[in-house]
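**Student:** So you can see what is in the structure, the chains are spelled out below.
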Amino acid sequence: MSDNSKKTFIVREIREQFPALRQQVYGKNLIYFDNGATSQKPQLVLDAINKFYSKENANIHRGVHFMSQKATTEYEESRKRIQRFINARKSDEVIFTKGTTDGINLVANSFGELLKTGDEIIISAMEHHSNIVPWQMLCMRKGLTLRVAPINERGELLMETFEQMLTKKTKLVAITHISNTLGTINPIKEIVSKAHAVGAKVLVDGAQSIQHLKIDVKALDCDFYVFSSHKVFGPTGIGVLYGKESLLDAMPPYQGGGDMISKVTFERTTYNELPFKFEAGTPHVAGGICLGKAFEYLESIDFDAAEKHERSLAKYAEDILDTFEGLRIIGEAKDKTSVVSFAFKNIHPFDIGTLLDKQGIAVRTGHHCTQPLMDFYKISGTVRASFAFYNTIQEIDTFVEALEKSLNMLK
Amino acid sequence: MEIIKQREEEIVAEFELFDNWMEKYEYIIELGKELPLLPESEKSDELLIEGCQSRVWLKTSGDYRLIEFHASADAIITKGIIALLIRLVNKIQPQDLVTYDFAVVHKIGLEEHLSPTRSNGLNGMIKRLKNEALKQLKA
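Chains G and P supply the protein sequences, listed in that same order. The numbering of the first sequence is this note's numbering, which starts it at 1 and goes up by one. The numbering of the second sequence is this note's numbering, which starts it at 1 and goes up by one.
For reference, chain P alone in the conformation it holds in the complex (with noise of 0.2 Å):
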């Protein structure tokens, strides 16, 4: 859990260098833009995790050890939300994914995205995140 705290401590310093929205969502926007793509061919129907207004394709690999995540989606700025995602649970232990209270959400002031108004499926994101986790404990 300790790696988490860390990497969540890190991104909400980030964020607290910002004055505005704006600025804020420029920063979100470049980290979709530099999210290492998943290749078309490996954006399956499974890996999908459908929102109202984009889309999230989310690759999982490693095991009960340690979790390893792709992701790529439809608009860049949930791309930059998925990439922050990841950026703060890659290459964990699935344990720690899955205690893990992503409060960092509401640090950063994303909870917006959380409302299901927004739909833009970080709730899928983290539901998804701590499924897989959960899937790699069961395996």
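Bound conformation, chain G alone (with noise of 0.2 Å):
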């Protein structure tokens, strides 16, 4: 379903909105295939970041002067704009944070807040350890359950299983979206009406959503669903908490300071509205601008062509992958997104991306912060290559030739 009004995606034209993509490293062209860790940046973004800061920086809902009404308003038009684009029914709903890490935990700390001794939490197995840790804290601090879902071999969520944990004692599901080190996709619309059911909220990790999925936030109805900045073509420390309104309203304050207050006596304060209840202090305004630029980027591009080009990457990566003795994909749900990690047997996964940063090949090896899903597969790690829709088939042909340089220097 092409929208007319947008430029038939060709990759090369895409790839000249992102000047990071053209250098070289140790005297190479870059490829960079770590964009599960972090995206690289279109030029409009580049442009607002210095523009903001050039011509238009000011503090922000406090300033009569022109430049902080200017600021202001490109603020709240940002976020009108992630409204419309994750489909939230209010731009109240949308809070400017840090990032995801950040929006979990403010999501432990205040919706936390409201739960109490014995109630339960859900998480699953294929967990980044910032929907763990704070799920952990919120559970030592509050006397709560923490459960986990397991997951099969492939790297799905075991949903039967899944269904079963779920009761009246269950207050929340925390759930990725998708797998940072797997690339499963998890179905969290059967998920969320599955934790309704029982009354559950559901939290959604979209860390690695929102850049490969047309997220709609009232067509899954999570209750919360977070995001960063910086994994979808935008700035690095901001990022969205978008939660449904009548639980953000009855929600306590995270963190207290400016912004977030209506009236302060030394006695007793009292609350600003949402969104700014949760956004104390001084935000990051040029980042808040310009993640706004971001998705005014992706508007401007076909995104399910985007999507479908990115996928086409990751099959015809594994296809070849799969041809390598001694190497084990880890991560083969059916449902899936462009990350292909791998491992071998008896080669470790940093001497492999040692070797291929050399040749110029950006990759991410370790546990990608999953360390109990590298329990559950019992490695120590993998090598993970995450591709964006401005990498290449030819980018992938040059990593499989670094590839089979680096393990013959290994052997």
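Warning: the hint list may mix true and false statements.
Non-contacting residues of chain G with respect to chain P, defined by C-beta distances greater than 10 Å in every case (computed) [unchecked claim]:
hint, residue
1, 168
2, 169
3, 198
4, 350
Using 27 Å as the maximum straight-line C-alpha spacing, the simulated DSS-like pairs for lysine-lysine come out as follows [to be verified]:
hint, chain 1, residue 1, chain 2, residue 2
5, G, 405, P, 33
6, P, 24, G, 28
7, G, 345, P, 24
8, G, 358, P, 107
9, P, 43, G, 378
10, P, 33, G, 411
11, G, 358, G, 28
12, P, 33, G, 378
13, G, 411, P, 135
14, G, 28, P, 107
Please keep in mind that the hints were generated in silico from the structure rather than gathered at the bench. Ideal Cβ placement from N, Cα and C applies to all residues, glycine included.
Dock chain to chain to rebuild the complex, using the hints, since each chain is given by itself in its own frame.
**Tutor:** Written out as structure tokens, the structure reads:
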């Protein structure tokens, strides 16, 4: 369903918008396959960062002067653009945070305040440490129980077991939309409907999905959806927590400070309305505005074609890697995004990553902040190539040659 | 200190022969393969220098006059790097090791391994080597 107003998806043209891709490292053309860690930035975002600090820099929400009002307008326009992009009902439901981790901690601390001893939280076995540790800390603090929904060898959630774990005690399911290590796409709609059936709320960790899938929080019906700007072609240091208005209204503030108040006396403080109640202190103004620009960029390209291209890259890479002796693909879910994790029996991922790096190829190696998942697969780590729509088949061919060369050296 | 400086010069001269990064790493990998392994039974947590990406075990023997090291690692490149460090500081006076600045790391272009993002524990290895030397001096 290509939108006619959008340009036809041509990778070469897309790449021209990303200056970071046009450079050499160690005398080789850079091949950037670490998009799961962070994405490169399009010119539109880079220009906006430069423009903001050159001409528009001001504090927002409180100045009477021209620049402050202009910056405030742009910041709030960005919020509205994000609201439209993820199809939230109101822009008040879009809370700016520092990133995914910050968003999860906000919910753990604020929504978590409403939970009582004996309540249960369910996470999955494929969670990133950021969607494990805040819940462990909350459980310790409030006497809650953390339960872990298991996965199968392919890296898919065991839905039947998950369903059995849901009880009236379950107050929250915190689950990743896409596994950063495996690429598995979890069936969020189904998870949400099953969780809601027992009265539990659902937080979706969208760090790896916002850049790959068209997100519609209304259709998903999730209660919270969190993501980081830097993984979706925007600046670092900013992210978003989407939350249903009724829930956010019922939750106590997370941090206290300027901007989040309505009136302060030494005796008593009343809090500001949404979204400001959760945005204490001067926010990352440039980040918020430029994240809006990242979405403006995404709106300008054929997102469906981009996603299709990403998946074809992963399929192409997997088909070749499958022919390597001793190579094991980690994460073989039926529904999967453009992440290819692999491991060799007797070769350490660090060795491969180091040698690929010297050949100009950026991949991630290690446990990817999912140590329990590594324990499940009984491996110390993987090599992960994660593709974005600006990557090419030719780059994968070069990567495969470089991998062969590395393996020969390590034999 | 003479002896470390002499070994350092030898290593720097060897690395100058390499034209590119891949040759350099080929050599480090060879060193890693040649490193006599610690038997599995000796790889205790006490000897472990935990890095984010790769694990290194370092065993020390000797006394305040002469210190000796044996090591192993789970990644070959890391093994090569610890082999290089051991070649530099093995069987020397602990006092010399304590005051040595490990300038060799920069001279042969391995400083990237010192950065916290690399986290393969080169920093940790150097710190541990020096600590072991200090322990011998205090013993």
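**Student:** For which of the previously enumerated hints does the structure constitute a violation, in increasing order of number?
**Tutor:** 4, 13
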